[in-house]
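**Q** Chain residues, written in single-letter form:
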Amino acid sequence: MDLRTMTYLAVGASFVLYIGIAIVSRARSTGDFYVAGKHVNPLANGMATAADWMSAASFISMAGLIAFLGYGGSVYLMGWTGGYVLLALLLAPYLRKYGKFTVPEFIGDRYYSNAARTVAVICLIFISFTYVAGQMRGVGIVFSRFLEVPVGVGLLIGMGVVFFYAVLGGMKGITYTQVAQYCVLIFAYTVPAVFIALQLTGNPIPQAGLGSQVAGESTYLLDKLDSIVTDLGFRAFTEGNKSTVDMFAITLALMVGTAGLPHVIVRFFTVPRVSDARKSAGYALLFIAILYTTAPAVGAMARYNLINTLQPGEVGSEQGNLEYQERPQWFITWEETGLLGYTDHNGDGRIQYYDDTNPEYAPIAESYGWKGNELSVDRDIMVLANPEIAQLPNWVIALVAAGGIAAALSTAAGLLLVISSSISHDLLKSIIMPGISEKHELAAGRIAAAVAIVIAGYLGYDPPGFVAQVVAFAFGLAAASLFPAILMGIFSKRINKEGAIAGMLTGLIFTFSYILVFKGVFFEPLRDNLPVNWLLGISPEGIGVVGMVLNFIVATVVSRLGDAPPTEVQELVENIRFPGKRLA
Amino acid sequence: MNNKTKADLTAKSYWRTNLRLVAMCLAIWFVVSYGFGILLVEQLNQIRFFGFKLGFWFAQQGSIFTFLILIFFYAWRMNRLDREYGVDENDDEKMHDAETGS
Numbered sequence: 001m002d003l004r005t006m007t008y009l010a011v012g013a014s015f016v017l018y019i020g021i022a023i024v025s026r027a028r029s030t031g032d033f034y035v036a037g038k039h040v041n042p043l044a045n046g047m048a049t050a051a052d053w054m055s056a057a058s059f060i061s062m063a064g065l066i067a068f069l070g071y072g073g074s075v076y077l078m079g080w081t082g083g084y085v086l087l088a089l090l091l092a093p094y095l096r097k098y099g100k101f102t103v104p105e106f107i108g109d110r111y112y113s114n115a116a117r118t119v120a121v122i123c124l125i126f127i128s129f130t131y132v133a134g135q136m137r138g139v140g141i142v143f144s145r146f147l148e149v150p151v152g153v154g155l156l157i158g159m160g161v162v163f164f165y166a167v168l169g170g171m172k173g174i175t176y177t178q179v180a181q182y183c184v185l186i187f188a189y190t191v192p193a194v195f196i197a198l199q200l201t202g203n204p205i206p207q208a209g210l211g212s213q214v215a216g217e218s219t220y221l222l223d224k225l226d227s228i229v230t231d232l233g234f235r236a237f238t239e240g241n242k243s244t245v246d247m248f249a250i251t252l253a254l255m256v257g258t259a260g261l262p263h264v265i266v267r268f269f270t271v272p273r274v275s276d277a278r279k280s281a282g283y284a285l286l287f288i289a290i291l292y293t294t295a296p297a298v299g300a301m302a303r304y305n306l307i308n309t310l311q312p313g314e315v316g317s318e319q320g321n322l323e324y325q326e327r328p329q330w331f332i333t334w335e336e337t338g339l340l341g342y343t344d345h346n347g348d349g350r351i352q353y354y355d356d357t358n359p360e361y362a363p364i365a366e367s368y369g370w371k372g373n374e375l376s377v378d379r380d381i382m383v384l385a386n387p388e389i390a391q392l393p394n395w396v397i398a399l400v401a402a403g404g405i406a407a408a409l410s411t412a413a414g415l416l417l418v419i420s421s422s423i424s425h426d427l428l429k430s431i432i433m434p435g436i437s438e439k440h441e442l443a444a445g446r447i448a449a450a451v452a453i454v455i456a457g458y459l460g461y462d463p464p465g466f467v468a469q470v471v472a473f474a475f476g477l478a479a480a481s482l483f484p485a486i487l488m489g490i491f492s493k494r495i496n497k498e499g500a501i502a503g504m505l506t507g508l509i510f511t512f513s514y515i516l517v518f519k520g521v522f523f524e525p526l527r528d529n530l531p532v533n534w535l536l537g538i539s540p541e542g543i544g545v546v547g548m549v550l551n552f553i554v555a556t557v558v559s560r561l562g563d564a565p566p567t568e569v570q571e572l573v574e575n576i577r578f579p580g581k582r583l584a
Numbered sequence: 001m002n003n004k005t006k007a008d009l010t011a012k013s014y015w016r017t018n019l020r021l022v023a024m025c026l027a028i029w030f031v032v033s034y035g036f037g038i039l040l041v042e043q044l045n046q047i048r049f050f051g052f053k054l055g056f057w058f059a060q061q062g063s064i065f066t067f068l069i070l071i072f073f074y075a076w077r078m079n080r081l082d083r084e085y086g087v088d089e090n091d092d093e094k095m096h097d098a099e100t101g102s
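Chains as they are written, first to last, in the working numbering: chain A, 1 to 584; chain B, 1 to 102.
The hints are simulated quantities; they were obtained by calculation from the structure and are not laboratory data.
Hints are not guaranteed to be accurate.
[What the hints assert, rightly or not] Pairs of lysine to aspartate or glutamate residues, derived as EDC-like cross-links and limited to a Cα-Cα distance of at most 16 angstroms, are as follows:
id, chain 1, residue 1, chain 2, residue 2
1, B, K12, A, E571
2, A, K497, A, E568
3, A, K493, A, E441
4, B, K12, B, E84
5, A, K493, A, E574
6, B, K12, A, E574
7, A, K581, B, E42
8, A, K581, A, E571
9, A, K371, A, D355
[Stated by the list, open to error] Taking beta-carbon pairs under 10 angstroms as the criterion, some of the chain B residues facing chain A (in silico):
id, residue
10, A11
11, V22
12, W29
13, Y34
14, V41
15, E42
16, Q43
17, I47
18, R48
19, F50
20, F56
21, W57
22, I64
23, F65
24, F67
25, Y85
From a predicted model like this one, the values you see are computed outputs, not experimental measurements.
Each residue gets a CB set at the ideal place from its N, CA and C atoms; glycine is no exception.
Take these sequences, add in the hints, and give me the full structure.
**A** Below, the structure written as structure tokens:
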């Protein structure tokens with residue numbers, strides 16, 4: 001069977017599965033729609049959280065980032081997993097005990113203020129739309145590459161499927177679909193990794209393979225990789241390019257941002273008990289860690305395979321580089337997508353791939369007769385092209401396509417749900433039309449989800465220039481606005497309404513402006529995005545940490561100047577600290 | 001159900017014990033990721049761990065494994081603490097009946 005038929009089959013079968021689940025688990029009440037009736041088993045919730053959290057970025061982009069950044073890519077590995085420790089220890093159990101439906105609802109109740117709730121809704125919507133646009137884009141890319149349909153058609157199909165189960169099933173439908181999507185995506189991710197690890201190192205466990213010797217040699221894989229990349233002028237794989245302070249700030253911003261992402265937090269509202277929320281965070285990280293510890297192996301091995309394909313002979317020797325005419329089939333298919341490109345600068349018909357930005361390497365390259373790096377490779381293709389580079393069978397490639405779509409759809413659905421519930425529950429039910437019946441609220445939730453899907457689809461199809469630049473926003477804003485507000489709401493009884501609102505706004509505005517200055521969204525960046533211009537040497541990706549600190553300081557100072565929160569709010573805080581009955 | 005009525009089983013001491021536990025876990029969380037994975041990475045990279053440089057290993061795998069252990073440890077320890085203080089959910093509303101819902 002050819003690759004295309006196989007891919008249609010794999011993706012089609014996964015869609016049938018998702019839709020079947022959606023029909024079985026339809027939402028019948030607002031409780032079902034927002035939090036799956038709080039009936040979700042902690043293990044299932046762990047799986048659903050893992051799928052919810054691991055987006056197209058984790059599935060498609062992360063290993064590619066690590067392949068090219070090496071040690072520098074560790075910020076994503078640690079940053080996107082360490083947040084679960086914060087969630088499990090600082091937020092999830094208490095929010096579960098609080099026991100209502102949404103994150104803005106907690107902020108509104110704890111800070112006895114609809115203004116605080118509205119600020120939280122704004123943060124939530126901004127964070128979630130930024131994210132969801134990226135997911136829809138991922139769906140479009142996978143469709144266009146593997147199913148050979150135009151990006152727009154791929155998007156429409158993806159939107160249709162999400163529409164079906166998110167609108168119909170709400171949180172309940174999403175939860176069980178995410179469980180299925182987790183299984184698809186983790187299988188799709190690990191199978192090629194096992195094959196490749198086996199080929200390169202003889203060890204079938206990718207995590208261990210990364211620390212093993214290259215098959216048939218006595219050199220360790222990482223040492224060999226370090227030497228082949230440095231021979232081409234690149235930085236050693238196990239060494240970093242970022243300053244320590246920036247590594248530190250980015251990792252912290254990603255961790256805190258993860259813990260502050262509404263679509264992740266809300267998953268812990270769906271389990272029956274507080275003790276389940278604690279356990280469930282552990283399961284979630286376990287399922288995430290299976291992919292996140294495989295990713296560095298995939299990244300390193302992809303880089304290794306890529307270089308060995310392009311540089312089969314000795315570096316600098318005349319026959320050392322691959323002849324363009326003899327390039328493998330995967331090279332040709334990816335060239336067609338424009339994500340891989342070749343320009344023959346020195347006219348020798350061979351592919352020279354090296355670091356032409358490294359001044360120390362320039363004289364060496366010149367002595368070889370190289371006139372610049374001739375290969376441009378988009379990082380995002382590494383995971384998708386990996387099975388082809390390693391010459392794995394077609395069914396593995398089809399599986400990777402289904403996995404990429406599962407990762408994108410599961411995250412998109414989770415995001416769309418928090419957007420729709422913040423609109424129907426936080427804005428409509430609580431602020432605009434308090435008298436609305438449950439039936440109408442449920443209908444409003446469904447309509448909001450449908451509208452959100454259309455907007456997300458549009459953003460994915462025609463991303464306004466800024467989509468790619470604003471990913472830093474989502475984490476930075478979550479870290480600077482929502483996380484501190486929730487944390488202080490649980491661990492302090494003294495932070496009052498004024499403090500919380502002032503803190504959130506400070507964190508939000510500071511982080512937002514800093515990113516705008518360097519990334520420019522609707523205009524040219526005001527300053528060059530270079531380390532010399534950065535505040536304290538912190539890049540826009542890591543600036544959420546400073547926003548968070550400012551939030552804490554402002555909230556504390558402003559609260560001290562005003563009165564303590566009313567007694568019933570202090571009671572609420574006391575109550576959520578005890579899983580069961582409260583002690584005197 | 002061990003509804004101990006010892007005088008020291010107060011809300012204050014429950015909360016303080018919890019905070020101490022959280023602080024301890026977060027200290028470990030900080031040391032493995034920011035300490036071993038970032039600040040001390042160069043020193044640790046002098047040490048070999050199988051085919052890895054140790055600092056690199058902590059940054060790419062070791063910290064994640066430690067995070068996992070930390071969460072399960074905290075969940076286990078807190079469940080025990082809840083029972084000791086009689087604040088667990090089992091003698092509260094029977095919410096867990098729903099747990100069989102897969």
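**Q** If a hint holds in the structure, say so; if it doesn't, say that too.
**A** Checked hints:
1. K12/B with E571/A: holds (14 angstroms)
2. K497/A with E568/A: Given that 16 angstroms is the threshold and the Cα spacing comes to 13 angstroms, the pair holds.
3. K493/A with E441/A: violated (32 angstroms)
4. K12/B with E84/B: Cα-Cα ~14 angstroms, so holds.
5. K493/A with E574/A: Status holds; Cα separation ~8 angstroms.
6. K12/B with E574/A: holds (10 angstroms)
7. K581/A with E42/B: violated (49 angstroms)
8. K581/A with E571/A: holds (13 angstroms)
9. K371/A with D355/A: holds (11 angstroms)
10. A11: Cβ of A11/B sits 4 angstroms from chain A, so the hint holds.
11. V22: holds (5 angstroms)
12. W29: Holds, because the Cβ-Cβ distance from W29/B to chain A comes to roughly 5 angstroms (cut-off 10 angstroms).
13. Y34: holds (6 angstroms)
14. V41: holds (8 angstroms)
15. E42: holds (9 angstroms)
16. Q43: This hint is violated: Q43/B lies away from chain A, its Cβ roughly 12 angstroms from the closest one there, beyond 10 angstroms.
17. I47: At about 13 angstroms, which exceeds the 10 angstroms cut-off, the nearest Cβ of chain A leaves the hint on I47/B violated.
18. R48: Since chain A brings a Cβ to about 9 angstroms from R48/B, closer than 10 angstroms, the hint holds.
19. F50: Holds, about 4 angstroms.
20. F56: holds (5 angstroms)
21. W57: holds (7 angstroms)
22. I64: Holds: closest Cβ of chain A sits about 5 angstroms from I64/B, inside 10 angstroms.
23. F65: holds (7 angstroms)
24. F67: Hint on F67/B: holds, closest Cβ of chain A at ~5 angstroms, below 10 angstroms.
25. Y85: OK, holds: Y85/B within 10 angstroms of chain A, min 6 angstroms.
In the structure shown, a violation is registered for the earlier hints numbered 3, 7, 16, 17, in ascending order.
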